[in-house]
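Enquirer: Here the protein sequences come in this chain order: A, U, B and P.
Take the first sequence: its position 248, counted from the start at 1, is 249 in the working numbering, and no numbers get skipped.
Take the second sequence: its position 41, counted from the start at 1, is 42 in the working numbering, and no numbers get skipped.
Take the third sequence: its position 228, counted from the start at 1, is 229 in the working numbering, and no numbers get skipped.
Take the fourth sequence: its position 219, counted from the start at 1, is 220 in the working numbering, and no numbers get skipped.
One thing to keep in mind: the hints can contain errors.
Residues on chain U that point at chain A, a partial pick, calculated with CB under 7 Å [stated by the list, open to error]:
#1 Ala67
#2 Thr168
#3 Lys171
Just so you know, the hints here were simulated from the structure itself, not pulled from any lab data.
Glycine included, C-beta positions come from ideal geometry on N, C-alpha and C.
Number of protein chains: 4
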Amino acid sequence: MAIKLGENNYGKSRVRLLRVVRQEGRHDIKELTLGIRFEGEFEAAHKKGDNRKILPTDTMKNTVYALARQYPVEAVEEFCQHLIEHFLTYNPQVSRVGVEARENLWSRLPHGGKPSPFTFTRSGAEKRTAALSGNREGTAIRAGIEDLTVLKTTKSAFDGFLRDPYTTLKEDRNRILSTSIHAQWLYDGNEIEFSPLWHGVRQTLLETFAEHDSHSLQHTLYAMGEAVLNSFDRLREIHLRLPNRHFNLVDLSPFGMDNPAEVFLPTDEPHGLIEATLRKE
Amino acid sequence: MAIKLGENNYGKSRVRLLRVVRQEGRHDIKELTLGIRFEGEFEAAHKKGDNRKILPTDTMKNTVYALARQYPVEAVEEFCQHLIEHFLTYNPQVSRVGVEARENLWSRLPHGGKPSPFTFTRSGAEKRTAALSGNREGTAIRAGIEDLTVLKTTKSAFDGFLRDPYTTLKEDRNRILSTSIHAQWLYDGNEIEFSPLWHGVRQTLLETFAEHDSHSLQHTLYAMGEAVLNSFDRLREIHLRLPNRHFNLVDLSPFGMDNPAEVFLPTDEPHGLIEATLRKE
Amino acid sequence: MAIKLGENNYGKSRVRLLRVVRQEGRHDIKELTLGIRFEGEFEAAHKKGDNRKILPTDTMKNTVYALARQYPVEAVEEFCQHLIEHFLTYNPQVSRVGVEARENLWSRLPHGGKPSPFTFTRSGAEKRTAALSGNREGTAIRAGIEDLTVLKTTKSAFDGFLRDPYTTLKEDRNRILSTSIHAQWLYDGNEIEFSPLWHGVRQTLLETFAEHDSHSLQHTLYAMGEAVLNSFDRLREIHLRLPNRHFNLVDLSPFGMDNPAEVFLPTDEPHGLIEATLRKE
Amino acid sequence: MAIKLGENNYGKSRVRLLRVVRQEGRHDIKELTLGIRFEGEFEAAHKKGDNRKILPTDTMKNTVYALARQYPVEAVEEFCQHLIEHFLTYNPQVSRVGVEARENLWSRLPHGGKPSPFTFTRSGAEKRTAALSGNREGTAIRAGIEDLTVLKTTKSAFDGFLRDPYTTLKEDRNRILSTSIHAQWLYDGNEIEFSPLWHGVRQTLLETFAEHDSHSLQHTLYAMGEAVLNSFDRLREIHLRLPNRHFNLVDLSPFGMDNPAEVFLPTDEPHGLIEATLRKE
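Excised from the complex, chain A in its bound form (with noise of 0.2 Å):
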C-alpha cells in the first residue's frame, strides 16, 4: 500500500518581540510573541532531505526583526499582513503562510495623575490575540482575546437542568459564575481599524457578561457572541471558548454553620468548557 504526505507545514514558534516607538516626551511599546507556519512543496524535503525549498525557519525569526525596524508594529494585524506579504513575495514555492500573534498587554503607571510617559506594567494575564493566514489570493484575518478573566457573585442560575441516573448536581438560582474569555473573530475584508474595534468587541463582551441574566454559561455565551455580531458591522463570525471555572459552595453544616453564599472553594479541575461559533448568515 503506497503512503502519501497529507497536509503538512512548518515554521517558527515562539518569536518574541519588542517594538518601542520614542516620539518627544512619549514613548509607545508593543510586545508580541509571533508564530508562522508555511505551506508549499515540500514533499522533497520529507522525501528525499532535499532543503532547496526550505527557508530555514531561522530566517523567519531575523524576517521578524527586520520587518519590525520598518513598521511601527502598531495593530498587530497590520504586522502581520506586512509579514505574509513579505514571505509571499520572495518564496514562490510557498502556496500559504499563517502568522499567528500574542500581544502581553501593557498599561501607563500612573504618574503624578497622569499616565507615566515612559514606564509601564504588565496588565494581567488577558491577551490581544492575532490569527492571519494568507495566500495569492488574499487574507483572512481574525482578532481574538484570550484569557481574560471575569466573575459576577449575581443574576447567575442553573437549574431545570436534564436528570440521569448519574445526576447529583443540586439545581443553584443564585451561583457565582466566572470563565476565562477566549474569544476569535473573522472580519470582512481587511480595511480595518483593528484597534478601535478590538477595544470595542473587548467592552460588548465585557458588557453582556455583566448584564446578562444568566441561565447557564451557554445562555451567557450565546448573548456575548450575538451582542459582537449586531453591534458591528465588520464582524463576520465570532467563536467564543469559555470554560465555566467553578466556585464550590463549601459545606460548613459538619460544623453547626450554615454558608449563605459566602465561602466557597474555587477550584480549576475538572472543569466545564462550553464552545460555539455564531455567524452572520
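Once you've looked at the hints, dock chains U, B and P against the given chain A.
Expert: For chains U, B and P alone, coordinates are given in the frame of chain A:
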C-alpha cells in the same frame, strides 16, 4: 442580518482518575485525565436559556467514576469506548460524543532485583493519549504519544537550504537533533490490540529517530511516519508534530577558545515546528 | 553515631478560598490561597508512628473555611492572625504556627461609567501576600507583593562595571529596565491599617521605579527600599527580590540596518537576580 | 532613623548548558540549569550607583560556558566547585559564591537490545541537584533530588490522630501513599565520589519508601532519612520535603455502588506538606 448558531459543543475537561486493580500479590494502576465533549440539540439552551436538553457536566464527571468502577480501564481506548456508548445510549439529544484521555505513565520500582508488585514511580513527562469521536454510525479511534523528548548527537545535518537576504544561519553537518514527539494515529476499525500496538508504534518511532540519517527534521519526521505505517497494518494514518528543540553551539572565540561541538546552549524559544500527516492511499 | 530529628514542621498548602461579602447593592470578594505550617512536639510521630499529637492537615483546611464563615477576611493579615490564634489556643502540642497567604487581585468591571457592584475581572499576575509566624509570645507580621511586572524605556544605564577576560557586555547608557517586583516587609507590631499601608507601599515602589535615574538594578532596588522605609513609620525592614528581565537589542547590521533602541528581544532565561534587605537601625 | 543595607547578593539565574563528551563509539551528555550568586562589597553600587565592584551577571554566564569547555562536567558537584574557585580567585570584592545546579536526566534509548551510544530520552521530571556555597575558608557541598514522584498501594495507614471539632477526616488503614521526593543532603568534606553516592542515596530512599510500614508521611520521612544517614558515612545531615499527594477515594454510594479502594480522584490542591532535617550528632 440574521445570526446563526454554528458548530457548538460543551463538556467537562480535566476529569482525573486513578484506577487500581488489586490482585493477590500484585496491584496495577492507571492514571488518566479525561475530557468529554457533547454535540447535539443545544440551540434552546443557547438562545432561550432552556436547559431541558443539557445534561450537567458534573454528571459527565460522575459517569467517569461510575464506569471506572465497572470496567478495569486496562486499555485507555476501551474505557473511552464504554463512555461514548453510555452517553449515546442514554442521551438521544446528543449526536456526537468526543472523549480525550491522557495517561500519566507509571513504572514499577525495582525491588530486590524484580519489579515491585505495589510501588510505582512516574515515568516522565511522556503521555499516552487517546482521542475518540463517536456517533450512532460508529467511532473513530485515535491513539497517540505526547511529550516524548529525544536527542541525538550524530547523524543530523541541515544544509543545502534556501537562502534569502535575511538568512544568516550556517550550514551544519553535525548538529544536535532534539524534539518532543507528538504523534497521533488513526486505527482501522475498533477490534484492536490497543496496548501492544501502542508500544509497538512507540518503539518504531524511537528506533527510526535513532537510526535515520537526518537531513532535516522534515526528513526525519517522514521517515518516522513511513516506518510506522509500513510496520502496522491496522493504522490508516499518522500525524506527527515535532518541535525543533534547538541546542545552539556557544561561540567561545571571544575567549580565545574553539568549540568542537561540546558546549551548547539549550533553548525553548524560539523553536522550529514541523507538522505533517502521512496516510495510506 | 546517633541520629537526631532536627527542625521539622508539617502543614497544608494551596488551600483556596473565595470569600463573598454581600451588602445591599454591592458585593465584595476576596480570593486567597493559604498555606499553614505547624512546629511542635512531633517526635513520636516521626520515630514511632504515633499520631496522637498530629492534627490532620485536612482539619487545618476545614478550619480555614470555618473561620472564613466567622470573619469577613477583609485584610488578609487579620484573617491570618485569627487562624494563628485559633490553632495556638486549641493545640498545646504546637509551639509555632506559620500562615502564608497569596491574594489573587480582582478589580470591578466598569459599568455605565462606574465600577460595577457585582462583576469583577482578574487584575493580573500580581499578588498581595502575607506571611505570619506566631507563637505564644507574639506574632511577626510580614506583608508583600509578588509578580508586579514593570518596565521603563528611559533613565536606565549600566556602565562603569568591573571587567574580566570573560566580559563581553557592552556599556549601555540607554537600556530598557524591566523587573517583576517581589517585596516583603516586616511590620512593627500588629495594630496596623494593613490595607491602606499595603496600597501606600505599592505606590511608593512604583513611583520610585519610574522616577529613579538608574545606574543598575541594585541602585534602583536600594532607592525603592529606602523610599518605602522613609515614608512608612510602621515598617521595620523590607526585602526586595528583583529579577532583571533582559530585553536584548537585536543586531540588525547583517541586514544593513541600524537599530536605534527600537527592536528588542524579550528573554526569560538567563536572567539577573538582585536581592537585598534594608532595615531601620 | 538611619537605614542600613542588610544581607544582599546578586547573580545570574537559569543559565542553561548542554555538555557533550565525544569518545570514539560513544557520546555522553549532561544538561544543567545553573544559578550563581555573589555576596561581597556592593554597598557603593546600591547607595551611589557606583558599579566598579560589580562584575556583570552576563560575565557569570560567559564563565559557565568557558569553564564547561575546560572541564568535562561529569559530576555536577565538581563543576560547581570549579566555578566557585574561579570566581573567588579573580574577584577579591566577593566574599561568598553560591552555585546551584539542576540536572535534567537523560537516559540512553535501547538500540538492538543495548543502550544506544548516541541517542537519548529525557527520563522524567526528576532532577539531580547540587547547591554549593563557598568562601575563602571552604565550601559546603549539598546534593539532592527533586520531583521524584512515587506511589504505593499497600502498607500505608493514617489513624489514631488528634481530633478537634473541625476534624472530619476518617481513619484509613489502607490508603494510597504518594509523594514527590525533595531531598537535599550535606556532605562531610569535598573529596567525595559524588555520582556513585548520589545513586546510592536515591536507591536507599526508594527502597525505604517501598518497604516501610507507614503510619503517616512523617513516619515514612523519618525512616527514609534514617536509612540514608545509617547507610552513608559521608553524609552529615539530610533534609526531606515531602508533599502528600492526596488520592481521594471516590464516594460511589449515590449510584448504589461500593468502592473497595479501586477508584480514586488524584488532586494537586490542597496538599499536605511534611518537612524535616535529620542529622548525625
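Enquirer: Determine which of the earlier numbered hints do not hold for this structure and return their numbers in increasing order.
Expert: 3
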